[in-house]
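Start from the sequences and build out the full structure, keeping to the hints where you can.
2 protein chains.
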Amino acid sequence: MSDISGVKALVFDVFGTCVDWRTSLIDDFTKWSQKRGIKADWTALVDGWRAVYAASMDEVRKNPQNGYVILDVLHRRSLEKLVAQLGIQGLSDADLHHLTTGWHRLHSWPDTNAGLARLKNKYIISPLSNGNVALLTNMAKFAGMPWDLIMSAELFEHYKPDPETYLGAAKLLCLKPEQVMMVAAHNNDLKAARKLGLQTAFVARPTEYGPHQKYDFEAKDNWEIVAKDFGGIADRMGC
Amino acid sequence: MSDISGVKALVFDVFGTCVDWRTSLIDDFTKWSQKRGIKADWTALVDGWRAVYAASMDEVRKNPQNGYVILDVLHRRSLEKLVAQLGIQGLSDADLHHLTTGWHRLHSWPDTNAGLARLKNKYIISPLSNGNVALLTNMAKFAGMPWDLIMSAELFEHYKPDPETYLGAAKLLCLKPEQVMMVAAHNNDLKAARKLGLQTAFVARPTEYGPHQKYDFEAKDNWEIVAKDFGGIADRMGC
Numbered sequence: 001m002s003d004i005s006g007v008k009a010l011v012f013d014v015f016g017t018c019v020d021w022r023t024s025l026i027d028d029f030t031k032w033s034q035k036r037g038i039k040a041d042w043t044a045l046v047d048g049w050r051a052v053y054a055a056s057m058d059e060v061r062k063n064p065q066n067g068y069v070i071l072d073v074l075h076r077r078s079l080e081k082l083v084a085q086l087g088i089q090g091l092s093d094a095d096l097h098h099l100t101t102g103w104h105r106l107h108s109w110p111d112t113n114a115g116l117a118r119l120k121n122k123y124i125i126s127p128l129s130n131g132n133v134a135l136l137t138n139m140a141k142f143a144g145m146p147w148d149l150i151m152s153a154e155l156f157e158h159y160k161p162d163p164e165t166y167l168g169a170a171k172l173l174c175l176k177p178e179q180v181m182m183v184a185a186h187n188n189d190l191k192a193a194r195k196l197g198l199q200t201a202f203v204a205r206p207t208e209y210g211p212h213q214k215y216d217f218e219a220k221d222n223w224e225i226v227a228k229d230f231g232g233i234a235d236r237m238g239c
Numbered sequence: 001m002s003d004i005s006g007v008k009a010l011v012f013d014v015f016g017t018c019v020d021w022r023t024s025l026i027d028d029f030t031k032w033s034q035k036r037g038i039k040a041d042w043t044a045l046v047d048g049w050r051a052v053y054a055a056s057m058d059e060v061r062k063n064p065q066n067g068y069v070i071l072d073v074l075h076r077r078s079l080e081k082l083v084a085q086l087g088i089q090g091l092s093d094a095d096l097h098h099l100t101t102g103w104h105r106l107h108s109w110p111d112t113n114a115g116l117a118r119l120k121n122k123y124i125i126s127p128l129s130n131g132n133v134a135l136l137t138n139m140a141k142f143a144g145m146p147w148d149l150i151m152s153a154e155l156f157e158h159y160k161p162d163p164e165t166y167l168g169a170a171k172l173l174c175l176k177p178e179q180v181m182m183v184a185a186h187n188n189d190l191k192a193a194r195k196l197g198l199q200t201a202f203v204a205r206p207t208e209y210g211p212h213q214k215y216d217f218e219a220k221d222n223w224e225i226v227a228k229d230f231g232g233i234a235d236r237m238g239c
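The listed protein sequences derive, respectively, from chains A and B.
One point on numbering: in our numbering, the residue at position 196 of the first sequence is 196, and numbering is uninterrupted.
One point on numbering: in our numbering, the residue at position 7 of the second sequence is 7, and numbering is uninterrupted.
Don't read these hints as lab results, they were simulated from the structure.
Please read all numbers here as calculations on a predicted model, not as lab measurements.
Do not take every clue at face value.
Note that identical chains are pooled: a pair holds if it fits in a single copy or bridges any two copies.
[Said to hold, decoys possible] Derived pair list, reagent style SDA-like, types lysine to any residue, alpha-carbon separation capped at 20 Å:
id	residue 1	residue 2
1	K120	Q213
2	K8	A94
3	K176	L155
4	K8	A143
5	K120	A143
6	K171	V73
Spelled out as structure tokens, the structure:
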């Protein structure tokens, strides 16, 4: 573990770490479809959508010659396949857009916004997410997350865990990697960040995947901070 | 003039438009130098520094083969020349760093923060400045400007008025140019933005350059909004 007294900025994974994407999407789509008279197993759609998330980004990561593709576009492509697979009928182009931008309308975990507000008093706070800039900006306004700035994989044209994203964030802030702390509910995100010299903080989100959660119930390494929620991180950071 | 009812985001020039760089820097350096026992004509330094601002960026704009250089670095290079020209003695490397980061410690005009807070309730608000990301982030925290995100020429590796900066901002927000309104106290910034399809709002800052102000006392074209301050822009935008 490193000395964290020099930390100037905390950067946050968002999906799962800051927001409860699964419950938010299922609730949003269920209410919306009831008004629209569309029937579907939205839980299956949402779980299926997230199940192909990593693979959709890996395709971009492994084929840089094809150019960077933002997450909104990857989400839309995956959605169209899933809608066909699940046999969901009657969705217009506008409906598919509404579902895709469901990822812009995610709710924070109960401790997120208050913890961020405390940390913001003393540190720069920013997402460092694979979500695109517009997605993260809209989500912050919807959910009330008080970011100082929005940092996204899109700015670096590299999805996490590519090193360019973590190092790019430090560079944009004119900070050394050890002055930046990555906060995530995912051990692999922290592993990639630590390898590049960033500080690390883990918070468990054991219900992120609902009944399908298979890992990340606990810290798998001696991360600089292991806390039960964002309030615990603020406590440790002296806020 | 265009119909502004479709605007989703307002992007702001910062130096001069949002903050009073001249008074802020002169006051900051005067107080600091009194404690440090350094004598200099800080007004001459600040006016001289700003006088070479455009030329320092033009050199980057006209020589893309040399790579993009952030404003903090341009400011430092210009400062070193000016310190020699003005014969200011006794400045250490840390002192030069303190002076350079004076541009991170600028105060808002009296109407700025309240106007931004009103606009933020209904629109995305962001700087679109030639200042680098770290500079703008630090300044926002120092001055209390409540941005949703930080957009800087640095993200596009093009200083305004290069088109890449204005169009890059719209693209990052997943908006069309006409859904974005550029706010500036400088007619030439708005002229460049309008040419690319952005909406435009002018606010006069007649004391920006102190006794040396030569232009931008008034709107020089039929910008979509001409207001006396940010409160006037919020009024016109229905906030």
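Measure nothing new, just compare the shortest in-copy and cross-copy C-alpha distances for K8 and A94 to 20 Å and report within, between, both or neither.
between (42 Å within a copy, 19 Å between copies)
Checking K8 and A143: alpha-carbon separation at most 20 Å within a copy, between copies, both or neither?
Between. Shortest inter-copy distance 18 Å satisfies the 20 Å Cα cut-off; intra-copy 24 Å does not.
Intra/inter-copy verdict for K120 and A143 if alpha-carbon distance must be at most 20 Å
Both. Shortest intra-copy (16 Å) and inter-copy (14 Å) distances satisfy the 20 Å Cα cut-off.
Regarding K120 and Q213, is the shortest C-alpha distance of 20 Å or less found within a copy, between copies, in both, or in neither?
neither (31 Å within a copy, 37 Å between copies)
When no copy is named, should K171 and V73 be tagged within, between, both, or neither for a Cα gap of at most 20 Å?
between (27 Å within a copy, 13 Å between copies)
Could you place K176 and L155 in one of the four classes (within, between, both, neither) given a Cα distance threshold of 20 Å?
Answer is both; intra-copy 18 Å and inter-copy 19 Å each pass.
Hint 1 from the list above is the single one not met by this structure.
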